[in-house]
Amino acid sequence: MSLFTGHDLICIRGERRVFAAVRFSLPAGGALLLVGANGTGKTSLLRLMAGLGRPADGAIRWNDVDIAEDPESHNARLHFVGHGDAVKPALTARENVAFWAALRGGGDLPSPAEAGFAKAGPDAGLAAFALGPLASVPGRYLSAGQRRRVNLARLAAAPAPLWLLDEPVSALDSDSVARLRNAIARHRAGGGMVALSSHGGLEIPDAVTLDLTDFAAAAA
Amino acid sequence: MKPFLAIVRRDVRLAFRQGTDTLMTLAFFVIAVVLFPFGVGPEPNVLARIGGGVVWVAALLASMLALERLFQTDYEDGGLELLALAPMPLQIVVLAKVLAHWLATGLPLAVVAPMLGVLMNVPPDVFPVLVAALLLGTPTLSLIGAIGAGLILGARRGGVLLALLVLPLFIPVLVFGVSAVEVAAQGFSPKASLLILGGLLLAALALGPWAAAAAIRQALE
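So the sequences go chain by chain: V and F.
Per this note's numbering, residue 1463 is the first one in the first sequence, and the count goes up by one each step.
Per this note's numbering, residue 4 is the first one in the second sequence, and the count goes up by one each step.
The set of hints was computed from the structure by calculation and includes no laboratory data.
In silico SDA-like links for lysine to any residue, alpha-carbon gap of 20 angstroms or less:
1) K5/F / E1557/V
2) K194/F / A113/F
3) K5/F / A1564/V
4) K5/F / D1585/V
5) K5/F / A1538/V
6) K5/F / A1582/V
7) K5/F / S1535/V
Just need the whole structure built from these sequences, with the hints factored in.
Here it is as structure tokens:
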């Protein structure tokens, strides 16, 4: 069984200590909900988890191996949804999703069953977020919420065991939030893990909550 | 290999669908060269003397135009993070983007160069050498430019900074690119200059993607 853990993490942005002594442990099928006031380091922690930055101290491990030792294997097992939606205005919704799916086609991916999806691919991704009717619409004509859905469609288009979602519900309508909740539930049922930051609006059953406000106080 | 081709295909498709990069680069190239006969006078001997150099300098400046956006648009829409998180080395991602950039801008420059050679009274039997030199030289420009394009991420008025950073590094390519054309125009073999251009390309191929990837990682921290 996979295990994703963080040990005594310290994050420094500029000259400021954002948080210190943060620990987390995410088993297969688990969910970690990051909460906290603005500026307490929710995005920073998710970026550390993705390997986009290095913690000032501490370690992040996958099955007891530091993710910094083999960044490519770590990349192959994660999906990161950040603030930018990475939707190209000149490409259609389907072309956008298909590109990100193709980009992940080369690594040793987990079997679709392991990730909780019967089948994957751009069309499965579009279907999971009800984007079928918008498949051939260029990115420039999509609304903010539709662009966010195109971004989220990557999750279902190319399976990966670890989802890192930074404020995934921003700009989403209630139907889309429900679809995301379903996608997360299916993902976890198949043994996938998810870590997400949220200011509410997305209930995740039996998620472990990590309130980063506590660790900001410890850092000061 | 498949993800590599996916990036090349997407970037080439974006370049042609938006149309601006290729068209702007070519239009700038043509106009910059056309200005010279007006500036120095239509004396055929003078034009033939400076033709090779003018075409090369104009190609060099034109290839700068689209460089600024090589990583900038991906950086702004969040796509660069996702490319950095692709299950392949960032150097290979950079190489794929540079190849797409060259196909959209450098290759068209080499293709239209003979037409501008006619305008500058460059002897027609030198055209193959001119095209060969550009085909060897422009990928080097794209590779060196990628380092600058990575370094300016997040900077304001990055385009000017980019020119200041990379134009001095373009000088070796310019020197040997022009010498290939001039040597051939005098009836000697341009082999030595072309070999040096090939050597510069290999060096840029070995160093450019690594330096650009390091610059991008810095910007994404």
